Each structure stands twice: as structure tokens, then as C-alpha cells.
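Put together the whole structure using the sequences plus the hints.
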Amino acid sequence: MSSPVAAIPSLPPSSPPPLPLHVDALVKRFGQITAVDGITFELRAGECLGLLGPNGAGKSTLIRAIVGRVIPDAGRAEVFGSPAASSAARALLGWVPQELALYPRLSASENLQAFGRYYGLSGKRLEHAVLWCLRWAALEDRAGELVRNLSGGMKRRLNMAAGLIHQPKLVLMDEPTVGVDPQSRNRIFEMIETLRDQGATIIYTTHYMEEAERLCDRVAIVDHGRIIALDTNEALVRGAFGSSSQVLARFDGAPETLAAWVAERKGRLVGTTAEFTIDHPTQIAGLLESASAAGLELVDVSLRRPNLESVFLHLTGRELRD
Amino acid sequence: MILPIVRTALLALRRDRAAFALSFVLPIAFFSIFAAIFGSHRDTVPSIKVIVVDRDQSAASRQLVSALEREGSLKVYTHSAPKTNEPPPADYTAATAEEEVKSGNVSVALIIPHGFGDHPISFRPQSDSSDSSQPVPAIELLNDASDTIAPQMVAGLLQKTAMTAMPSVMAEEGMKLSGENLGGFTPDQQKRINDMLAKIRQHQNDPAAAQNAPSGFSGGIIAVKNRAVVGENKNNPMVSFYAAGIGVMFLLFTASGAAGALLDEAESGALDRVLSSRVTMTSLLAGKLVYNTLLAFTQLTVMFLWAWAVFKLDLFTPWHVAGFLVMGLSSALAVASFGLLLASICRTRAQLGALSTLVILMMSSIGGSMFPRFLMSESMQKAGLFTINAWAIDGFTKVFWRDLPVSELWPQVGVLLGIAIALFLIARRIARRWEYA
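Chains as they are written, first to last, in the working numbering: chain A, 5 to 326; chain B, 4 to 440.
Quick caveat, the hints were computed from the structure, so don't treat them as lab data.
Values in this document were obtained by computation on a predicted structure and should not be read as measured data.
Glycine included, C-beta positions come from ideal geometry on N, C-alpha and C.
Among the hints, erroneous ones may be present.
Only part of the chain B face toward chain A is listed, based on derived beta-carbon distances under 7 Å [what the hints assert, rightly or not]:
id: 1; residue: Arg276
id: 2; residue: Ser279
id: 3; residue: Val282
id: 4; residue: Met284
id: 5; residue: Arg352
id: 6; residue: Trp437
id: 7; residue: Ala440
In silico SDA-like links for lysine to any residue, alpha-carbon gap of 20 Å or less [said to hold, decoys possible]:
id: 8; chain 1: A; residue 1: Lys173; chain 2: B; residue 2: Arg281
id: 9; chain 1: A; residue 1: Lys270; chain 2: A; residue 2: Gly321
id: 10; chain 1: B; residue 1: Lys228; chain 2: B; residue 2: Gly118
id: 11; chain 1: A; residue 1: Lys173; chain 2: B; residue 2: Val282
id: 12; chain 1: B; residue 1: Lys228; chain 2: B; residue 2: Pro92
Laid out in C-alpha cells, this is it:
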């Protein structure tokens, strides 16, 4: 009888590295309100994904579920293969909340040091991280300034920097430009672009279409707790409008007449602006003639390529800022 | 334009219903507490605990003890409380009674000396020449110098109990009755009686006679010698009491204010951010507890140093320093936990402000921070045991007033640590609302 020979275990096929983020059928309810309604998506390494939707769409709740601050009623979220809210996930995540989550009586650098220590940084590592954050947020010359004395834009930048103090692999930014002036907003965009160029994986929530268009590789349009479309900016527009363009025209005339004419021409009335989708610019002349015949006097007209705002309007029937 | 401002302010107040309710509850609660402490007709005067040691065991001394036991304002103990399944405890001796006063278990002890029954009154007729050189046996009244009320009340009640009417009148009436019943006195007897009554009247009407009594003797029918067994050598008897009492009250305010930072952080979102890091809610609260404890202890230290520098509190002796450290840290830990609990209960700073004011002032008034607990009725004294103030003050009093060693602080330290642990655990449980949505 031959002695048994232990079989050499076959090596498993090398598994691909875990995705930075995998969200699967996530549901979160607050009483009767379903804030997140079965959202599923994945995030690829080095990608910047925009979550675009109006206020109350469920973006922040989704982010908070990923961060582990909200316990989902169903579904799951995994960060680099670890369950959300686990220690491993927390260490890899950087969260920039919508609120200015800072200590107002501490200086900029003291805030960064405090949050760095909360993530276990100390000594030289902490010192370097604080310096990097101050430089990234262009706050080196205001490092010793108390937060309450900083301008709104500076506070926003510091708020972002505090989320990156532990140099996370995945950054979640929840409307980081809320309430800042255009100049500060541009500064924030530059910061995010720097981060992207360095290969960071980012989720960026906003209800500003321009921000999503400028910063994000892919955009998920969120409404009523669901992702209703997820693709690149161009693919979303192409999917909704093909090669069509949009005509926006404003008229003088009786509102009832305008509404009846817009409905007859299968357009959409947004405020006092009539909006039509056309396949070719030559169709504009026919539209204007028809308006004139209906007794409407043209005030101005413009032609534009559809954008994410148009896609949102197309998909939901509402504007992003409703 | 005044009306819109009033309207807006009212609307804002109504939105915070808890704070709104507390603004009405607060005055009612305080009124009730002060009415309970000072205003109750049934329980206004606290019963004073008195140990009576009858060393004389004469008919007169037994009579006196019985009379004292019948006094409603006194709680007379001749021996400690019997325990079940144990032989009845022995009567107090002068030494054990003194220990009880020193430890603060009773306010006063009365030691009836040998020979009291032979000469129960504090003066004697001139004719009693055989004994005139001997001192009158005086009842010794052992007291705690911090309690200036109880000894006076007991001394007064002692006189009242011994003789409720004027002694000369009583004596004269007694003599008359005797004369009638005996068929009259001889002229010589009558002269001696008149001389004696004259002496009694002279003693009664001459304030100098009472003033000239030896130090520690109180004027009256019965000779009473006061002796403070606690605090007789203290520079300023009540400083340690007020340093502890006021100190703990403000510690409570400081702790609740500091713990209120939690509410600010929750409101600003900083708490969310902290909890998304490696910091857990337990470690966050533990960190706050340590900080608030150190803050409270520092505050207490500054207060006692001030009491030492300005009011001559005897702080720098090894026992006092050790006792202060033990009691200071225990008290600081308890108040820090208390602050965390309040902060975890409240939803807003306004609620915290109202609730902490309510609870802290209630605890401080019942617990003896505002006025000594021995001045309160027994039921209020018992209620005080549910406060941090009472245990902290008792502990500091043991250290600075009674000069007891640190080992004697175990009941106070045990209770304060127990309070700290219990309140922290409750606060941790309530703080789950911040943990996750």
C-alpha cells in the first residue's frame, strides 16, 4: 500500500486588486423617507466620480453610508474590499463633509494636527502631513490663524485639507464648494485637479453641473435616492440627446399663448424660456416663423449643445436647482 | 418694531421645547426645594443627634436622661444601634462618644459626670461649707466647632429639661409647701432658708455671676462645660467647608459647560468627522472625561490654594495634601462624568444651560454647597446623599476639619467613583444617538 502523498495545493488564480469602492443595493430609510433607494455602483482606481443631483436627492446620505456614519437598512458598501465603517475602511477613506467640521478656536495647523492624531499620525509623519495639507490648501501663510478668523473660502479649503491629512486612497467630497465665492471655488477646483493628477480616487457630490463637467471622469445622476444614469459626461448627453441641439428662446406675448404654442411644437417651457430639441440648426428658422404666426414676439434666441443640466431635466422633468 | 422682535424671540424659544419647558420648571423647582428646606411646618427644625453618657447613674441623672429622651428636638443615643443576631451593644463611654462627635456621626455628646446627682444645680448655698472648695460637677458638652447651632440648642434644652421654671421661685414654693406640710420651720431653719433663697435670687439676677463662671461653663441651673473636640485649633472653622461646597458647585458648572463642547462639535459636524476617523465614541467620551476631570481638579486646586493663601486654610500638611489629592480627583471625576451625562441628554446648548442650572443648583442646595446639611431636616439630609456635593463635602470635611487619615475616606471615595462610573456608562449609552444614523 503506497503511502498517501499530500497533494500540492494549486495556487489560486491571482485575484485583481479590490476596487476602491463597491456599493451594492444600498438602502437607507429615515422614517417614511427613503433617502437612498437601492443604489449600486463601482469606483475604479484613480477615477473621479461625480454624484450630481439636487438638494435632498440622497447624495450626502450615500456618502455618509460609505464613511460609516449611517448604517444602511439594506445593501453594503466596501472600501478596498473592507466593509464600510471597518477600521481598515476608515484608514483608507478621507471624508470632506459638507459642514465646516473644524474646531473654530484652534488655528489652521492645530486643526490639521488634531485630525491627524485622530488618524494615528504622530511625530515627523504628522508634521509632514500638516505641511503638505497647508501647501495643498494654499494656507501656509495662515497656518497660525484661528479658524474663526479665516475667510469662508479659506475655511472651506482647510475643511478639505483636514479630510486628507492621513493621505487616504479614496476621498469623498460632499459639496465642498457650498457657499464660496467664484474665486475661491476656482481655487478649490485647482486643488481637486492637483489631487486627481496625483492619482487620487475621488467621489465628488455637487448640484452644480459645471463642477461635475469640469472635474469628473464619470457622473452619476442621483434623484430621489436612486442613480438614474451613470456614465461619462459625453455619453450621458449623447444617450439622452444623440446629436441633437437645444434651442432656447424667449418671447413677449400672452403666457397662455406661449404655453399653447410650446406644447404644440413639443417643446418645454422653463420659466419664460421655451426650450426645443432640434436635430439640425436649420430647424430654428421654422420654429421662429411658427412663433411669429402664433402672435409671439421674439426677445432672444440661442442654440446650445445639451449638457448635464439638460440631461437631468430630460430624465427627471425638473431642474437641478429646483 | 418692538412687537416683531418679541414675536421672533418667542418663536425661537418655542422651537426648543425642552429649554422652553425648563424655563418654567426651573423657578418652580427652586421654590419647592427652598420651601422644603426652610418652609415646611412639619419638619422645620432638624432633630439634633445627641449621645448621652451617664457616668453618674444616680436617680437625678437617670431622670435627666429620660427627660432628654422625651425632648422632640433631640435624638438621644445612649448606645449604638443594635444589630440583628448580635448581643446588644454596650453603652457609649466618654471616649467612644467623643469619637462619634469627632467622626461627625453625632453633633453633640453629653457626659454626665460622677457626683452629678449629689449636686445637680450649678451653685450651692454658702452654708454648705464642707463642699464649697470642691468644683461643681459639670456636664461636659462635647461638640464640633463647625456646628455652632447644635451645641447651643442642646445646652438650652438641657437647662429647660432640668428645670422649666425659674429655680428661685420653684425653690421658694417648695420650701413653703414643705413648711406647711411639716407644720412650719424653726426661726433658725427659716433664716437659713431665706439666706439660701437670697443667694439663688442674687445668682439669678446678677449677670456677672454667670459671666464670672469659668471658661467653657454655660450659665444656668445645671453646670455645663462646653468642649470642642473637633476644630478647636482651626484658624478659620468654615473655610474648608465653603472651599469644598462652593468648589464642587462650580466644578459641576464647569464640567457641564466643558462637556457642552460635545454639542458644539455635533452641531458643527466636527463630531461626525472625528467619529469617521480611528476615534470611537467610547474613546472620545473617555478623552472628554479625562480632560474635564483635569480641568475640574485644576479649578479645585486653585480654589484651595486661594483658601490657603487668603483664609489660612491648613493645606500643606502631608495628610491634608494626600486627602486633597484623593478627594479632589474623586470629586473631579464624578463631576466630569456628570457633565458628560448632561451633555449627552441634551440636544442643544440652550437645553444644556437650563438643565444644568436646574440640576446643579438643586444638587448644591440639597447637597450642602449653599448651607451646611446639618442645618437641614433629617429627610433633607438623607436626600442630600443622592448628590455629588454631599459626598465631596463630607470627604473634604473629613480631611480638613476632622483631620482623619486618607483611609477614612473610603466611603466618600467609593461613592464618588461609583457615581463617576455609573454616570459615564449611562452617558455612553445615550451617546449612541451620535454614533450612527
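To see whether the hints hold, each was checked on the structure:
1. A hinted interface residue such as Arg276/B counts as satisfied when its beta carbon comes closer than 7 Å to some beta carbon of chain A; here the least separation is about 4 Å, so the hint holds.
2. Satisfaction of the interface hint for Ser279/B is found here, the shortest Cβ-Cβ separation to chain A being roughly 5 Å, below the 7 Å cut-off.
3. A cut of 7 Å between beta carbons decides the hint on Val282/B: the least distance to chain A is about 5 Å, and the hint holds.
4. Taking 7 Å as the C-beta contact cut-off toward chain A, the hint placing Met284/B at the interface is violated, the least distance being around 12 Å.
5. With a cut of 7 Å, the hint placing Arg352/B at the interface with chain A is violated, because the nearest CB-to-CB distance is about 14 Å.
6. Violation of the interface hint for Trp437/B is found here, the shortest Cβ-Cβ separation to chain A being roughly 10 Å, above the 7 Å cut-off.
7. With 7 Å as the threshold, the beta carbon of Ala440/B comes within range of chain A, its nearest partner Cβ sitting at about 5 Å, so the hint holds.
8. Under the criterion of a C-alpha separation no larger than 20 Å, the hint pairing Lys173/A with Arg281/B is consistent with the structure, at around 16 Å.
9. This hinted pair checks out: Lys270/A and Gly321/A have alpha carbons roughly 14 Å apart, not beyond 20 Å.
10. For the hint linking Lys228/B to Gly118/B, the alpha-carbon distance of about 15 Å falls within 20 Å, and the restraint holds.
11. Proposed proximity of Lys173/A and Val282/B is supported: the alpha carbons are some 19 Å apart, at most 20 Å.
12. Using a Cα cut-off of 20 Å, the hinted pair Lys228/B and Pro92/B is violated, with the two alpha carbons roughly 28 Å apart.
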